[in-house]
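Under the working numbering, residues -9 to 48 are what the sequence shown spells out, in order.
If you are wondering where the hints come from, they were derived from the structure by calculation, not from laboratory data.
Beta carbons: idealized from backbone N, C-alpha and C, even for Gly.
As a list, the in silico DSS-like pairs of lysine-lysine whose alpha-carbon atoms are at most 27 Å apart:
| no. | residue 1 | residue 2 |
| --- | --- | --- |
| 1 | Lys2 | Lys34 |
| 2 | Lys33 | Lys2 |
| 3 | Lys24 | Lys34 |
| 4 | Lys33 | Lys13 |
| 5 | Lys24 | Lys2 |
| 6 | Lys13 | Lys(-6) |
| 7 | Lys34 | Lys13 |
| 8 | Lys(-6) | Lys24 |
| 9 | Lys13 | Lys24 |
| 10 | Lys(-6) | Lys34 |
| 11 | Lys13 | Lys2 |
| 12 | Lys(-6) | Lys33 |
Quick list of the computed label-pair ranges, beta carbon to beta carbon:
| no. | residue 1 | residue 2 | range |
| --- | --- | --- | --- |
| 13 | Gly47 | Cys(-8) | 26 to 32 Å |
| 14 | Asp18 | Arg38 | 17 to 23 Å |
| 15 | Arg26 | Gly47 | 27 to 33 Å |
| 16 | Lys(-6) | Glu32 | 17 to 23 Å |
| 17 | Gly47 | Met(-9) | 26 to 32 Å |
| 18 | Arg23 | Gly47 | 23 to 29 Å |
| 19 | Ala35 | Ser12 | 16 to 22 Å |
| 20 | Ala45 | Ser22 | 17 to 23 Å |
| 21 | Glu(-2) | Asp18 | 17 to 23 Å |
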Amino acid sequence: MCNKDIREYANKRNVRLWQIASKLGINDGNFSRKLRIELSEEKKAEIRVIIDELAAGE
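Build the full structure now, drawing on both the sequences and the hints.
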């Protein structure tokens, strides 16, 4: 499975994929499709920051 690290990171922090998509300004279905192909390390780092912000309640 592609981007398993991102999915697990979000899951551990009780952040849903639709929340990440919303913060990125895209549809949750489109975000799920993006995760089907391995993301670059730069994009993963950006998403991890978003996950941390959402987990902190920002």
